[in-house]
Amino acid sequence: GENVEQHPSTLSVQEGDSAVIKCTYSDSASNYFPWYKQELGKGPQLIIDIRSNVGEKKDQRIAVTLNKTAKHFSLHITETQPEDSAVYFCAARSMDSNYQLIWGAGTKLIIKP
Amino acid sequence: ETGVTQTPRHLVMGMTNKKSLKCEQHLGHNAMYWYKQSAKKPLELMFVYSLEERVENNSVPSRFSPECPNSSHLFLHLHTLQPEDSALYLCASSQDRLAVTNTGELFFGEGSRLTVL
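Residue numbers (our numbering), protein chains in the order written: chain A, 3 to 115; chain B, 134 to 250.
So here's chain B without its partners, still in its complex pose:
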């Protein structure tokens, strides 16, 4: 496999469920990101990891919990979500985090479509 792979592609969960989104990158990149994409709104940066260390947490509610066990894998653990959390969750990677590099290209996965009932 190449690029950035996200699973599952679709997820439906109740407000009391616990689930996880998984992201894997095969590009040898040092930085990984979680974004939230809602219709007709700008992409919202949620978390940034650089070399497995969290470097950004953009005031995301604690019901979203990221985990980065190594530089190739990123998880987003979900629990007691709200219906307004329904969105497309995109994972991305870059060679280095944008504060370090001038190039800055992000490579996105295809996203996990989350529906909270």
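Same shape as in the complex, but just chain A:
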């Protein structure tokens, strides 16, 4: 079945710098890749997603890139701010898993003032 690996598990960056979180997946038929942000004491919330027919998508300071050949996708956050501190999860939707999302283990992003 599908497997999603996420790195790093913890990322600490200076405020204003960029942050990049990477995920790899195993099922080449996966076609939908969302990113969720989970703030302390809250449930995860979708921040951006990408489908397999697109290579890149941007929304203000966040962007996601997808490399189908290499089977990896990345989240890019530019000009990081304190409110970006959270745990970020990637996921992939796989036919192998009856179209359910298979999740990465999460990345704790710490923005240092």
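Honestly, the hints are just simulated from the structure, not real lab data.
Check before you lean on any hint, since a few could be wrong.
What the hints assert, rightly or not - Pairs of lysine to aspartate or glutamate residues, derived as EDC-like cross-links and limited to a Cα-Cα distance of at most 16 Å, are as follows: (1) A:Lys39 / B:Glu217; (2) A:Lys39 / B:Glu243; (3) A:Lys44 / B:Glu243; (4) B:Lys173 / A:Glu7; (5) B:Lys169 / B:Glu217; (6) A:Lys24 / A:Glu7; (7) B:Lys173 / A:Asp61; (8) A:Lys110 / A:Glu41; (9) B:Lys174 / A:Glu7.
Could you slot chain B onto chain A? The hints should help.
Same frame as chain A, now just chain B:
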């Protein structure tokens, strides 16, 4: 109220207790989910309901028993749990289940933190 609401937010129970977690969504969605979240591990899908019918049961032990009386409410009944069942239990909803829709956004509640002694 709006969004997805879960109660209780915190629950401590002994291994012989019976308790229930409740989830309510005010979004008019057709699909609801229970997830288990343990520290530094991927979210684990437990159950999926679509239009009140269970469509997924991911090999969850029978000590967890879901109930979906209508499309707005979802329960997780707990009995004779083990300490390793301690985790954050998240409820989520989506417009339709992911096998049907291309959009796929999940709306999560804030979770119920369960501690089994």
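Cross-check of the supplied hints:
1. A:Lys39 / B:Glu217: violated, 25 Å
2. A:Lys39 / B:Glu243: holds, 13 Å
3. A:Lys44 / B:Glu243: holds, 5 Å
4. B:Lys173 / A:Glu7: holds, 12 Å
5. B:Lys169 / B:Glu217: With Cα atoms ~12 Å apart, lysine 169 of chain B and glutamate 217 of chain B stay inside 16 Å; holds.
6. A:Lys24 / A:Glu7: Between lysine 24 of chain A and glutamate 7 of chain A the Cα gap is close to 8 Å, so the pair holds against 16 Å.
7. B:Lys173 / A:Asp61: violated, 27 Å
8. A:Lys110 / A:Glu41: holds, 10 Å
9. B:Lys174 / A:Glu7: holds, 11 Å
Hint violations for this structure: numbers 1 and 7, all remaining hints satisfied.
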